[in-house]
Each structure stands twice: as structure tokens, then as C-alpha cells.
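Enquirer: Which chain is which? The protein sequence lines are A and B, in order.
Numbering-wise (the working numbering), the first sequence opens with residue 59 and increments by one.
Numbering-wise (the working numbering), the second sequence opens with residue 14 and increments by one.
Treat each hint with caution, since some may be false.
[Said to hold, decoys possible] Now the in silico label distances, taken between C-beta atoms and shown as ranges:
| no. | chain 1 | residue 1 | chain 2 | residue 2 | range |
| --- | --- | --- | --- | --- | --- |
| 1 | B | G296 | A | I63 | 39 to 49 Å |
| 2 | A | E173 | B | L321 | 24 to 34 Å |
| 3 | B | G313 | A | P164 | 14 to 24 Å |
| 4 | A | T166 | B | G313 | 20 to 30 Å |
| 5 | B | Q314 | A | I63 | 25 to 35 Å |
| 6 | B | A224 | A | A288 | 46 to 56 Å |
[Stated by the list, open to error] Reference excerpt, derived from the structure (chain B facing chain A, CB under 10 Å, subset only):
| no. | residue |
| --- | --- |
| 7 | D303 |
| 8 | A305 |
| 9 | M310 |
The set of hints was computed from the structure by calculation and includes no laboratory data.
Bear in mind the structure is a predicted one, so any value in this text is a computation, not a measurement.
Positions of the beta carbon are idealized from the N, C-alpha and C atoms, including for glycine.
For reference, the chains in residue letters:
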Amino acid sequence: MIELIRVSKRFGAETAVDDISLRVEKGELCVLVGTSGCGKSTTLRMINRLIEHSDGEIHLDGQPVRTFREETLRRRIGYAIQSTGLFPHWTVARNIGLVPRLLEWPVTRIQARVEELMNLLGLPQEEFADKYPSQLSGGQAQRVGVARALAADPEILLMDEPFGALDPITRETLQEELRALQARLHKTIVFVTHDMDEALRLADRLVVMHQGRIVQQGRPIDLLRAPADAFVESLLGGEDRGLKEAALLPVSERMRPLRASQGHAQERIAQHASLREALSVMLWRHAERLIVIDEDDRPVGELSLRRLVRARDDE
Amino acid sequence: MARVTGRPNIVLLSLMLAALLAWWGLPSVSVAPNRIVSGSAYLAPEVAGVGLAALACLPMVAVMGLAWRPSRTRLAMALALVVLMLTALPLWLSLAALRLIDPTSPGARMGIGPGPWVLLFVLLLALIELRTRLGLSRRLGWGLLAVPLGSLGVCLMRWLSPLALWQEYQGRREAFESALGEHLLLVGVAVGVSLVIGVLVALAMRRWPAAQRAGFGVLNFLQTIPSIALFGLLLAPLAWLSSEVAWLAALGVSGIGWAPALLALVGYSLLPMVRNTYVALEGVDPTVIDAARGMGMSHGQVFRQVRLPLALPVILEGIRITTVQAIGLTAVAALIGAGGLGTFIFQGLGQAAMDLVLLGALPILFMALGVDAVLGALGERLRPGGTP
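Okay, chain A solo, but in the shape it has when bound:
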């Protein structure tokens, strides 16, 4: 659990972070989003004390971060950044084993852990262990960066635009992987990005920052439905919000039981797909009705265009 209580950061006369309070629960993925210079990275870096806060208190599981020795604190917190920050003179395996080595784990335990992580992130040991970062693609390098952050099995993970430098397809793949990873590992994650789509896709809790302050925070769907002001609304994409919301809702939420009588709708959609995907299929196939299927391809319901676009109030 991470708690920021009325935290400010001033650089000289400039206030980068202005009196913010934030609570990230254990196992929660909290995304800080905002335009560049809004103080989101500064906020992140104050948590592991790469930047010292000027006012207020930052607690880790109820303990002020200032009571830890800097190095001890950071070794307890995973850290992944944009452009990976991998050490170019070390092999992949050595990069991943960095924090365990700093913590003076026995060699065999480090080796086992590195192997485990490489498997977890889809980097076959034989192929990648002895490669150098310059020999990796952007996506592979970022996987190594995440593996390195996870190496000592930290409770908390800080990620500063980790996928910012990747092409859209690789970025989406890694976002999916991070979600899958989080579903298994339940880390407490603070994730910084300026990409609202990424934020909506990943966040359990979305925190919008502007000019050093938190403008709004909450579940992504709540922010979409009730943006606090014009700034949040524009950040969320204005007229595009309908699609963004649809992307967050699963088909199962709007479907209704299958009625055998109208059996001739042939287009199918998986029940865990998003309403946005369902809409896309309808547009593409010129279909007003879709059969919803489960993991075993069995029909479990149907979704009509009318139900899809129906206002939330009718639910």
C-alpha cells in the first residue's frame, strides 16, 4: 500500500507537484496520466526517493519512506522506465539478476529466479540469456526491463512510461501481457503514461494530473461517464468517449438470453470481447444482431444493436 499525504515538490521557485494526496491499495494498478510536465513522473520518482519531496508525507505500508535507507528502499521497489535503461555492457541474464545480486542472494537462487522470469516473460533462456541489449528488439528489451523490475519479487512496481518508445502493435501486446501478469502476481503498481488509451486499458484506478495537481481520480469507467471538468473531458477524447467507454465494457454486460425463434443471425462474438469490438463487427458485417459465444464456441446469448447503444439508465 502506498499513501501520499499532501505531498508537494518545489524546484526553486517552481512547484512541480502541488499538495497531492493519493492512496494506492495493495494489488491495485494505479495509472497517473496527464500532459507532459504535469508532475506525474516527479510524483512517481518521489515514491522511491529518486526525487525527495519538499512537503507532506509518503508512506509505504504505513511507514514513511524517509525512514528507509535510500538503497534499501529502492531494492524493495521494482522500477521500469522508458527506453529500458538496460546496462548495455551486461548480458540479458545479468541485467535481470541485478537487484537479487545487490541483495546478495546466493548465486544458484539468482540463476533460478532469472530463469523463472525469462520464462514468465516469454524470453527463452537458450536464446536470450547471453545476448546483449543492443541485440534485442524494442519489445524484447522492454520485456527484459520488466523482468529486471520484478527480479527480487517486490511488492511494489513503479513504471515510468515503460512502453512509450514502442511501436503501437508491440505496445498493445505488452499492455496485454502486463494485464495478464498483474492478474497472476497482484503487485501494487504505479504506472505513468501520457497515452489515455493505455491508461484506460490498464488502470484499476485512474489519476488525472494537471499542473502539479490531481484533477480527478477513480475507476476509468467513472471518469469517462462523469469527467470533472473540461480538461479531463478533452483528455478523455471528447466525442470519442463513446468508443472508449465501449472498449471498457464486455459484451456479456449487454447481452440477453438467446431466443431460439430468431435463429438466423450468423455473426458471432466472444462474450469477453468488448462492446467496441462488437460494434465494429456489426459495422463491418452489416449485422444488427450478433450471437454471443463462450470459450468453447457455444452460443450463450445474443446482442442487438439496439441493446448495444441503449442508454445506461435503462439497464
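Please build the complex by placing chain B on the supplied structure of chain A, with the hints as guidance.
Expert: Chain B alone, transformed into the frame defined by chain A:
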């Protein structure tokens, strides 16, 4: 893979044309009855007759033919011919020595004319061109040179005793060896001392950025003083010091000799050393440093395990530049009695004995080339991430 076949290789064609012109147009050797009088020059046909001289042209013409429509095999054949010609060069000089030097006059000596020097230069260029065209490793390139060097060694032992350069060496064997030792020692100590000081200064500049501009100002200023002037400037203060401080005098410090030479060499070496070390340490990717600190490395660990290893190739580059520069500068130090190979150069200039100048200059040249190659290769090896 470099494209091998196709259009005529202009480089090889022009090099071989230059070789032909040098062979026919420039004196091959000069012969003098003794050390004092200047010798008379001989062209290649005058050394061994037109027939043999024309025969020697065959490989050059052959290389031109091979270069006209190059293929991999043809270039390999050309490479063999170039190595053959390099190997034959000392034999040619031996032949000239046997023909032109009267064995009954012990003072007679033979100088190498401009022809063979130009030929050597041109053939080495051709060797490099062929090595890169064929994609051979640098090491193999050096290996190929072993054959001509072996031939030179054998010829020096057996037939080339009248060679003026060789005679100068024979006459000064001990002086040469001690001069070589002095030269290496001066360069080694100067580079070592400036490395230690240079790293400390660079670290201080990183610590106190205010010192950086002043520091580079002083070093830049030092670099602009002409070397002879710097030696002269050091003369008075050092002479005074050695007369005032007994233990310094006992160490051998005086206004002339090794002390001012070493001081000046260190002074000149500091700028490249400090600049490269500073730039190397500052130039490390900041995101790597950020990650290192964020992972929980202490300042010492970041420096030793990340910053220094990543900066090392550039620091080594500084050592390379400094060493090559110091090898050359040490020659000038002979002027103030510091010894070294420069002694022969200045003696030779004084006596108008060009071969004596060469005896000093050639080893300096080879030393600089050797250091350059070895440290350059080492730097390549230390590049982060090994060889991709």
C-alpha cells in the same frame, strides 16, 4: 559483403601505375664511398640492367590486368603478387648492394633511394585495398606482412650490411638501445602520470562543475605553448629548484635533462587525457544511470559497475591519442638533453646524415603506429555489448 566483381578497380590501377613510374623514374639506391661525401644515384636499370628491371615490372602489370576485370579469385591472385613484390623489395636492395658496393672498400655505403620508399608505400596501400575488398580480417592483414618482414630480416643479416641505415645502427648499437629505452620510459612515465592526474582532474571537474571551465582553460592554454618554448620556460625554475632543494638535485632534477622533459610531456598530455575522461564519464546514457540508481545501486556501485565500464572505451581512446602524441613529442625532448630517439634525429640533421635521421625517425614512426593499432583494437574490444 563488399562487391568484388564488375568494373575496373581504379584504386589498384592507379597504385600500380604509380609503382611503375616510381620504379622507372626514381633513383633506386645511392652509393657513396664513405659517410661524408654525398652518394651518386642509380636508377633501377642502372642497377641490374634493362632486362631484369623490365622483368620486375611484370607483377605490377599483372596486378593491373587482374584489377581490370576483378573477381574474387583475381583479387586473391593480386594480393599474392603484392605480397611477393613486398618480399622481393629487400632482395632487390641486396642485389644492388652486391653489384654496386666494392667489397674491398669498407667505408662504402648504400642509401635507399626514393624509388623503393615510394614503392613500399604504394604496395602497402595496395595491400590495404585488397584486404578490405576481400573482407579479410585485420589480423590476417598483419599476418601477410610477416613474409616481407622475414625477407627483410634475412637480407639484413646476409647481404645488406652496406646499407647506410644499417651501418648507422651497427655503429651505434648500444646508443640506439639505450635511446630506445629512454624514449619508451619517458613516454610510459609521462602517459602514466598524466593518466592518474587526468582522471583525478576529470573527477574533480564532475564534482565541482565551476572548476570545469577554468580547468579546461588552463589545459587549452598549456597545449598552445610551442614545445620548445615550454622546455625553455621550464629551464630556469627547475634549475633554481635543484640548486635550492638538495634531495631534488640528488634525484637528478635539473634545468635540462629528463625532469623538464617529463614535466612538459605531462603538461601536453593532460588536455587530451582530461578531455576524453571527462567526456567519457559525462557521456554515459543518463537513462542507464537513472535505472541503476532506481534499482538501488549506491553511488559507488553506479560508478564502478556502470559509469566507469561504459566510459572505458572513450577513456582508452584518450590514452591512445595521448600516447601517440607523447611518442612524437619525446623526440623534441632530445633538444634539452633528455635522451631518446630524438638524439639521432638532431645529430643527423647537424651532420647532414639523412640515414642517421632515419635511424631516429623510423622507430618513432613504428612505435606510434604500433601503439595506435594495439590500443585501437583494445578499445574496439571493450565496446559495450561485445561484438554484435
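Enquirer: Determine for every hint whether it applies to the structure shown.
Expert: Now the hints, each set against the structure:
Separation of B/G296 from A/I63 is about 40 Å and conforms to the stated range, judged on CB atoms against 39 to 49 Å. Look at A/E173 against B/L321: about 29 Å separates their beta carbons, and that is inside 24 to 34 Å. Hint check: B/G313 to A/P164, Cβ distance near 23 Å, so the stated range 14 to 24 Å holds. For A/T166 and B/G313, the hinted distance range of 20 to 30 Å is satisfied, since their beta carbons lie about 27 Å from each other.
The hinted range of 25 to 35 Å is satisfied by B/Q314 and A/I63, whose Cβ atoms lie roughly 32 Å apart. For B/A224 and A/A288, the Cβ-Cβ distance of about 51 Å falls inside the hinted range of 46 to 56 Å, so the restraint holds. The restraint placing B/D303 at the interface with chain A holds, with a minimum CB-CB distance near 6 Å, inside the 10 Å limit. Restraint check, B/A305 versus chain A: the minimum CB separation of about 7 Å is within 10 Å; hint holds.
Checking B/M310 against chain A: minimum C-beta separation of about 6 Å stays under 10 Å; hint holds.
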